[in-house]
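As given, the protein sequences belong to chains A and B, one line each in that order. Position 389 of the first sequence, counted from 1, bears residue number 389 in the working numbering, the numbering being contiguous throughout. Just so we're on the same page, the working numbering is the position in the second sequence counted from 1, plus 1000.
No lab work stands behind these hints: they were computed from the structure. Computed from a predicted structure; not experimentally measured. Every residue gets a Cβ at the ideal spot worked out from N, C-alpha and C, and that includes glycine. One or more of the hints may lead you astray.
Claimed, not checked - Partial chain A-side listing against chain B, Cβ under 7 Å, derived:
{"hint": "1", "residue": "G4"}
{"hint": "2", "residue": "P37"}
{"hint": "3", "residue": "R80"}
{"hint": "4", "residue": "V82"}
{"hint": "5", "residue": "T83"}
What the hints assert, rightly or not - Derived DSS-like pairs (lysine-lysine); straight-line CA-CA distance at most 25 Å:
{"hint": "6", "chain 1": "A", "residue 1": "K108", "chain 2": "A", "residue 2": "K26"}
{"hint": "7", "chain 1": "B", "residue 1": "K1333", "chain 2": "A", "residue 2": "K108"}
{"hint": "8", "chain 1": "A", "residue 1": "K26", "chain 2": "B", "residue 2": "K1333"}
To be verified - Listing some non-contacts, in silico: residues in chain B with all C-beta distances to chain A over 10 Å:
{"hint": "9", "residue": "R1143"}
{"hint": "10", "residue": "T1149"}
{"hint": "11", "residue": "S1152"}
{"hint": "12", "residue": "R1231"}
{"hint": "13", "residue": "L1282"}
{"hint": "14", "residue": "E1283"}
{"hint": "15", "residue": "D1284"}
{"hint": "16", "residue": "P1287"}
{"hint": "17", "residue": "S1435"}
{"hint": "18", "residue": "T1441"}
{"hint": "19", "residue": "R1474"}
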Amino acid sequence: MAVGQVDILVGLPTLNNAATVVNVAKAIHVCFTRDLPRPRTVMINSDAGSTDGTPELIRDASFLQGDMVQTSHSLRTMHRVVTPYHGIPGKNTALQALFAAAELTQAKTLVVIDPAGPATSAERVTELIMPVWRSEVEFLAPRYRRHPRDGAIITQLVRPLVRGVYGVEIDEPLGAEFACAGRFASNCLEQDIWNQDAATFAMDLWLRTEAIAKHFTIGQIWRPATAAAAPTTLRQAVRQVLLSLFTTLRAHESFWRTATNTATVPTWGVDDRNKVQPAGDWDFVALGLQARHDINEIRQLLEGVLAPPVFSRLMDDIAASEPRLDDELWVRIVYDFLDASNRGSAGVDHLADMFVPLYMWRAARFMSFTAHEPDDVAQTRLNALCDAFQRLKPALVKGWTVEV
Amino acid sequence: MMRSADPLWYKDAVFYQLHVKSFADSNGDGIGDFPGLTSKLDHVSALGVDCLWLQPMYPSPFKDDGYDISDYTSIHPSYGTLQDFEQFLDQAHARGLRVIIELVLNHTSDQHAWFAEARSSRDNPRRDWYVWSDTDDRYRGVRIIFIDTELSNWAWDPVSKAYYWHRFFSHQPDLNYDNPAVREEIWKVMKFWLDLGVDGFRVDAVPYLLEREGTSCENLPETHNVLKELRAKLDAHFTGKVLLAEANMWPEDVRPYFGSGDEFHMSFHFPIMPRMFMALRLEDRKPLIDIIERTPSIPDTCQWAIFLRNHDELTLEMVTEIERQYMWDEYAKDPRARINLGIRRRLAPLMEGDRRRVQLMSGLLMSLPGSPIMYYGDEIGMGDNMYLGDRNSVRTPMQWSGGVNAGFSSADPERLWLPLVSNALYGYQAVNVESQQRNPTSLLNWVRRLIEVRRSTRVFGRGAIDFLKPDNHRVLAFTRTLQRESVLVVCNLAGTAQVAELDMSRLSGAIPIEMFGGSIFPRIGLQPYPIMLGPYDFYWFRLRWL
């Protein structure tokens, strides 16, 4: 590669992002020119086969000096590499290509930017780069100030599970953007994850938990909240998240089974509490009714997955006329599903399908229970849920330890 | 070696800059002199250079390293006599060497007889040879150049009770070039030296000759008129002489000093120098290409002068703030190395003693557009002494041998005008001419070969430059072309091996012949031409269509 060794590699994995990618590429260019004139930098677009001209837009984009701050001046040659990657399109393949490029160029810092980020600016790219570039941290994940009733799949499942099981208080275990040290990228390339079935959607979670499990230093950075892209239905999203959890827990079994501490994670940037977006307008009553209906439909199947006391409490909960918020029940359900996946008592896809109505039930419960509560009280409940996942972790460990 | 009869000789020449007092001392007073310099001309001649540039050798109180002249038509007694100078000049010419000397036009020393007369009374005929004022508020807003030492461009003269104008130190009053008598007297000074046989002048601080209210008092049209007038007189009376301008400005701002070939023959290209250092440290050709591509064309009879190091600091005036900070961080980690807006270090220490980097930089100097100027001592990789004041760190005595006082002087070491560099890395016991002459692979012998190869073609001095820009930015590649002659230069700016594919389809059919060893490389075709280079390697290829 003519680029040779670089200090900072910014990756732009794309698939039909023509609407936004030029602005994102320009932000990266300005970041390099204005904020990082000294380091050796390269922007690499790893394209999955766009049909809307995305790679051509990046390749041909002209960033004139007038587009930038007048005082900016790059000391070095600016490289812009556009390359299609080989293999089945998916995030794992795109990331694998970028990680391989980082290793090839011996990049000290790798940053992956969301090409669909409508608010991506040079400042935001720089903020993401700097903590890793300054060797203050080896993996940097974005952190968003969420409304406590927003992003239930994160707040009810992924965040508390990762905190509870891995013992690291990382807020946003999912998310397209991140920054990491070249050493971390090399480590990831050596792992047996890239060709797994779930890798196409499990990479975000796996990268974070891999950093935790391999003892890389981790940090978070406040990012302005953006409207989440919703390429999938809720059912698909829940299914994908659960499969991601199965995959990552298996990958890092030896770590989390023995992890006992809870580590806080340093955060960079500014937490702009005033810019919290309001929670979506959920019809949690309808969601709850649908979930109850679906759960009743599969109750026999659930009986084979959940431990008898858990199953019994679930049925009571569903039948209850007054809304309840039983954190322990929810945690045990999640752990029983993870345990079942480990035991192979049902196919992973099948388990994921069964889990979807349970998640919907939990989400609806939380929404209805906290609908009239102040935000800080709802947030306190989320923290309590994290504690419950941690407190009950021995049950997961015990079940996971039993030889199948 | 015969001196070229070509009046445009300076376009092909390699210059060698030296300070008489630092070169060789013949009378054991610890200060170099003309007889000493004369005795070392064989060294300069063997180096293969064409022209010596002598720093000021005039009588001077030496408050500004001799740039404060108190008599324009004599030699400083420490350096010898006018007769010694003439003998030196004859000997240099006998070896085919030309000599240019300093000419400080803008100002004199306040010890000069002209100024003594001018200040003696307001009615003195020479009063108007300088710029006087009863108040210090004329030419308001004109920048002060030496901001560390001067508060104003006006200084009070207690003798004549008036202010006099000075753009540099207050002990250097500016001459009044609005006065025809001054212009005539300066021409007489020039003619005096030209009649003795000097081959030209390096003209100091040219942008500041005249003053006009409401202007920056720099680069004024009237200044150009004065310079044109001097040039016209030069051309009317002499041939084959050269005027070299010192104007530390961007190339587009220097361009007017060439006029239409009727002002200066040559001018320093200041901004290219720091960019050579920057390109090497960045391992990226971008800074060099950027500055060369923004350099305007100049008349055919004119030439840029380029250099790596000189008697001053490695000036960082012609860089951006970001670039300056980068240069300081990379090349002057020790704060003692920093002075004014630059770095007071010699080439070899700047290259951390790395012979390969010294060679690459020397190769660049000899192959980029312009006439190269080599600073004395750099041909043997002399070091510096940052513990000396001002810019004396790079003005220490020439290291001729490993013997007493490095063969520079027979004086007691304490009496030397500056102490010798004597550390283990660059000290005269380790780095000296005598030992390098005996070693066929020494830097000195390599530099001789480099200059010899450069002199084998006029393409480096006069040819056009075209960059090839392979994908690998660590590789700087360009062709120099003069009529039907072409040379390809390929440089690896990196400390690691590199490969580049050069698109030379327009040179298809040419056979590259490596100029140092004569090796023949594969013929250039329509396909990209792969070339591999070791760390800091560079190649010069003569292209032949056979």
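Status of each hint after checking the structure:
1. G4: Hint on G4 (chain A): holds, closest Cβ of chain B at ~6 Å, below 7 Å.
2. P37: holds (5 Å)
3. R80: For R80 (chain A), the interface hint is violated, since the closest Cβ of chain B sits about 12 Å away, which is over 7 Å.
4. V82: Since chain B brings no Cβ nearer than about 13 Å to V82 (chain A), farther than 7 Å, the hint is violated.
5. T83: violated (13 Å)
6. A:K108 / A:K26: Since the Cα atoms of K108 (chain A) and K26 (chain A) sit roughly 22 Å apart, the hinted pair holds (cutoff 25 Å).
7. B:K1333 / A:K108: Between K1333 (chain B) and K108 (chain A) the Cα gap is close to 23 Å, so the pair holds against 25 Å.
8. A:K26 / B:K1333: Distance of about 34 Å is beyond 25 Å: violated.
9. R1143: holds (21 Å)
10. T1149: Holds: least Cβ distance 30 Å, greater than 10 Å.
11. S1152: holds (31 Å)
12. R1231: holds (36 Å)
13. L1282: Since the minimum Cβ distance to chain A is about 6 Å, L1282 (chain B) lies within 10 Å and the statement is violated.
14. E1283: Label violated. Min Cβ-Cβ 8 Å, cutoff 10 Å.
15. D1284: The claim breaks: D1284 (chain B) does not keep its Cβ more than 10 Å from every Cβ of chain A (closest is about 5 Å).
16. P1287: At about 7 Å from chain A, P1287 (chain B) fails to clear the 10 Å cut-off, so the statement is violated.
17. S1435: holds (38 Å)
18. T1441: holds (30 Å)
19. R1474: violated (6 Å)
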